[in-house]
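Single-letter residue listing:
There are 2 protein chains.
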Amino acid sequence: MDHRTEIADLGEFGLIEHLTQNIELQNASSVLGVGDDAAVIDHFGKQTVVTTDLLLEGVHFDLAYTPLRHLGYKSVIVNLSDVYAMNATPTQITVSIGISNRFSLEAIDEFYEGVYAACDKYGVDLVGGDTCSSQKGFIISVTAIGEVATDKFVKRSTAQIGDLLCCSGDLGAAYVGLLFLEREKQIYLESPQVQPDLEGEQYVIGRLLKPEAQKNTIDFFEASKLIPTAMMDVSDGLSSEILHICKQSGVGCTVYEEKLPIHEEMKRAAFKFEIDPTACALSGGEDYELLFTIAQNDYDKLVLNEQISVIGHITDPVEGRHIVTKGGNKHAITAQGWNAFK
Amino acid sequence: MDHRTEIADLGEFGLIEHLTQNIELQNASSVLGVGDDAAVIDHFGKQTVVTTDLLLEGVHFDLAYTPLRHLGYKSVIVNLSDVYAMNATPTQITVSIGISNRFSLEAIDEFYEGVYAACDKYGVDLVGGDTCSSQKGFIISVTAIGEVATDKFVKRSTAQIGDLLCCSGDLGAAYVGLLFLEREKQIYLESPQVQPDLEGEQYVIGRLLKPEAQKNTIDFFEASKLIPTAMMDVSDGLSSEILHICKQSGVGCTVYEEKLPIHEEMKRAAFKFEIDPTACALSGGEDYELLFTIAQNDYDKLVLNEQISVIGHITDPVEGRHIVTKGGNKHAITAQGWNAFK
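In order, the protein sequence lines correspond to chains A and B.
Residue 189 in our numbering is what sits at position 189 of the first sequence, and the numbering runs on without skipping anything.
Residue 110 in our numbering is what sits at position 110 of the second sequence, and the numbering runs on without skipping anything.
What the hints contain is simulated information worked out from the structure, not anything from laboratory work.
One should not assume that every hint holds.
The list makes no distinction among identical chains, and a pair is therefore deemed to hold if it is satisfied within one copy or across any two copies.
List of simulated lysine-lysine pairs, DSBU-like, C-alpha gap at most 35 Å [said to hold, decoys possible]:
(1) Lys-247 with Lys-136
(2) Lys-46 with Lys-272
(3) Lys-152 with Lys-46
(4) Lys-136 with Lys-259
(5) Lys-225 with Lys-185
Keep in mind the model is a prediction, meaning the values are calculated, not measured.
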């Protein structure tokens with residue numbers, strides 16, 4: 001190799017784009033490949049959705065403050081979230097783990113208790129996996145499979161000018177939960193005798209450690225005969241996801257700060273760290289809410305659902321991608337999201 | 001946790017059995033779950049097969065002697081092998097990688113060249129994946145999806161008394177290839193100026209570094225209207241796989257040493273290490289051949305295929321699981337296979 005390009009210079013999305021730019025799908029059943037929350041495979045009347053995530057100790061989770069049962073639960077949820085983000089229903093998962101001899105069977109059992117709890121709650125079957133030893137750290141790879149009626153799957157790339165930009169639930173709490181846990185970990189490392197002070201922060205910590213996937217939102221779409229024009233889940237942070245939808249759809253957008261769904265508990269907790277709740281909502285990540293666009297005509301179908309916020313609208317691409325602050329200023333949206341390689 | 005059970009005391013298969021003993025499948029589409037080469041999912045007229053494997057640097061591969069291009073190729077092959085082992089045709093894969101900043105983009109490109117080469121050769125589409133940074137080492141997780149006509153999939157648990165036990169290709173060469181590469185690595189570490197001496201060992205080294213999956217064998221079954229009664233791929237070693245089929249089918253078997261398919265190059269290479277080629281064939285692993293059983297009535301369909309060897313037959317379970325040596329002695333078959341946790 002004559003030349004060395006650092007992965008960090010591309011970032012995760014640049015790397016994926018680079019690696020997948022020349023793919024040509026060979027099987028007629030491969031309806032949608034790389035570049036969305038999940039792939040879509042045609043199966044004679046219904047379509048199969050497939051998605052996979054790799055979770056690494058020290059990168060995606062810290063066992064110092066992550067109970068293994070929660071970790072098992074969350075490992076499933078983050079994948080189900082990608083299936084729901086296609087407007088599909090998850091049906092099966094596979095779970096592979098790599099574990100060092102630091103882990104006992106009882107520890108692995110706790111992890112799987114969480115996996116099975118998520119399977120039970122979401123009606124999903126664990127149908128396979130792989131188990132091997134690792135030299136260091138806990139490695140988790142989950143693949144989720146789901147189904148969707150033909151052509152009801154929703155991509156990221158199909159938002160239309162004039163559509164409303166919407167979001168389920170509330171944003172930023174998981175990030176603030178992480179700040180608390182990281183702070184307590186530091187205190188513990190410096191003074192092991194000090195008891196953790198997480199009193200009253202159950203909401204934000206729960207959002208980090210035990211997120212849920214948006215089955216309710218997908219069920220609501222079905223019941224309301226509403227099909228979003230574009231959709232993805234919020235894992236890296238709202239700003240980053242908005243830019244994905246805009247870029248892949250070739251559109252602009254305007255988002256209103258005052259419309260961002262922020263939970264009172266998150267706001268209170270953010271102020272303890274003297275940080276701006278809006279910044280947490282925009283850049284926090286790990287919310288596992290759904291970000292989606294709908295035709296304006298469908299607005300009436302939304303109004304009775306208190307779990308869904310209209311946060312802006314899709315514009316012509318020449319208008320750019322902006323957020324209008326409560327003070328009336330307009331700023332370009334930038335992805336402060338997580339770059340795994342920096 | 002009051003009690004600590006070491007994972008090593010269970011071994012990989014004991015651990016999987018332990019973790020999956022209480023699974024009850026909830027979705028009607030989950031035809032076959034954990035416990036075979038792949039899961040089977042019903043999709044309205046055809047069935048979908050799903051399998052996944054986790055490959056870890058330092059555990060499953062050593063980059064000191066594994067070119068990244070070969071590693072990419074092999075990562076796909078080991079999963080396709082599991083799909084073929086269900087008598088199914090692979091159609092899609094997802095590939096997730098975790099990489100440390102030790103790897104350049106050029107290195108990752110080499111890996112993906114191998115992935116795409118395998119996709120091309122086997123007519124499979126790469127439809128998704130995940131890319132993240134790892135703190136240490138190269139982590140690969142591949143999931144393969146395939147399809148099979150309803151009820152044509154072949155499990156491990158359905159071998160019948162009287163069936164012939166058969167194997168594709170030849171066995172043990174990959175293991176001997178590994179011995180050469182490990183020996184040269186040691187010499188290099190001790191005396192970096194010495195050039196590696198792998199002259200004439202292309203066959204065994206090729207079997208390790210660039211295995212192929214048994215598409216030809218599955219195509220032959222289709223063309224011959226032959227459906228094996230039970231099947232699995234040989235990844236951990238022939239003995240280990242024979243015991244899986246016998247245990248899951250509740251049967252015994254007799255295998256004949258003189259019938260084991262051993263390549264002349266493997267035999268010659270094994271003698272250089274003063275080891276018994278039969279032991280390599282029985283316990284080597286990583287052959288990615290197919291081990292299967294057929295009804296005696298189907299024997300005529302096999303005779304013209306030189307790639308398939310009949311190595312024994314299935315017996316009543318009370319007769320145990322034995323190998324008859326060339327000298328006429330009878331030994332119980334034991335799994336010397338790989339225990340990932342020791």
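Right, here's what the structure says about each hint:
1. Lys-247 with Lys-136: Answer is between: at 33 Å across copies they meet the 35 Å cutoff, but 38 Å inside does not.
2. Lys-46 with Lys-272: neither (49 Å within a copy, 56 Å between copies)
3. Lys-152 with Lys-46: Close inside one copy (10 Å) and across copies (21 Å); limit 35 Å.
4. Lys-136 with Lys-259: Neither way: Lys-136 and Lys-259 sit 44 Å apart in one copy and 42 Å across, limit 35 Å.
5. Lys-225 with Lys-185: Neither: 47 Å inside a copy, 63 Å across copies.
The structure fails to meet hints 2, 4 and 5 from the earlier list, while all remaining hints are met.
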